[in-house]
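Novice: Using the sequences plus the hints, can you model the full thing?
Order-wise, the sequence lines are chains A and B.
Residues in the first sequence are numbered consecutively from 6, following the numbering used here.
Residues in the second sequence are numbered consecutively from 25, following the numbering used here.
Careful, some of the hints might be misleading.
[To be verified] Below, in silico cross-link-like pairs of lysine-lysine (DSS-like), each with a Cα-Cα straight-line distance of 25 Å or less:
no. : chain 1 : residue 1 : chain 2 : residue 2
1   : A       : LYS105    : B       : LYS94
2   : B       : LYS94     : B       : LYS81
3   : A       : LYS31     : A       : LYS74
4   : A       : LYS105    : B       : LYS81
5   : B       : LYS38     : B       : LYS95
6   : B       : LYS81     : A       : LYS31
7   : B       : LYS38     : A       : LYS105
8   : A       : LYS74     : A       : LYS61
9   : A       : LYS105    : A       : LYS61
10  : B       : LYS94     : B       : LYS38
11  : A       : LYS105    : A       : LYS31
12  : A       : LYS74     : A       : LYS105
Hints in this document: simulated from the structure, not taken from any laboratory.
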Amino acid sequence: SQQGEEDPQALSIQEGENATMNCSYKTSINNLQWYRQNSGRGLVHLILIRSNEREKHSGRLRVTLDTSKKSSSLLITASRAADTASYFCATDLGSSNDYKLSFGAGTTVTVRA
Amino acid sequence: NAGVTQTPKFRVLKTGQSMTLLCAQDMNHEYMYWYRQDPGMGLRLIHYSVGEGTTAKGEVPDGYNVSRLKKQNFLLGLESAAPSQTSVYFCASSYSILRQGDYGYTFGSGTRLTVV
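Specialist: Written out as structure tokens, the structure reads:
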């Protein structure tokens with residue numbers, strides 16, 4: 006079974022608006038990561054936040070993590086048409102000697118010009 | 025750098041046929057993974073490897089076998105393809121947990137497999 010669930014499943018916004026998507030997970034994690042997938046392509050790593058961090062920024066991306074609620078959010082500010090993609094959260098469930106990610110089903114974001 | 029390269033990109037198989045998907049990475053990553061992606065289900069881990077000569081089962085390993093004879097290559101085999109194996113297959117690689125820093129996985133561009 007998958008560890009993470011994204012919400013909403015789909016999101017449509019106007020160019021220039023902010024896009025926010027959420028991820029909830031079930032068990033304790035080492036870190037949580039967000040990936041982007043453009044149509045017909047592989048996933049691209051966006052940002053990683055560790056279990057002892059609460060917020061992280063990378064360019065127009067802002068990620069928060071609330072381990073007490075087992076949830077994370079990804080904010081994309083000032084969206085562009087190029088941000089149209091599916092976004093996946095992934096949780097690192099690895100033990101001390103491996104590193105395995107469990108992916109959610111994703112949020113499909115459409116940015117309208 | 026090419027990153028992670030998957031071959032082939034597309035394939036159509038008949039039920040019962042066999043095939044091997046090849047994944048190659050040039051980043052000297054220790055760990056490699058095979059995932060399948062189906063609509064509405066995200067990515068599910070099939071098998072993974074934490075080093076040359078070692079493999080382990082993931083979430084959905086049945087019907088698949090893997091081998092990692094060289095550090096840079098990870099092969100996924102389907103011995104007797106079934107329609108339920110119609111999917112998009114992604115290979116990924118990463119540094120080991122001790123070195124990962126803020127790095128995540130590097131993914132290939134996928135293999136779209138249809139079993140008829």
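Novice: Are any of the numbered hints broken by this structure? If so, which, sorted upward?
Specialist: 5, 7 and 10
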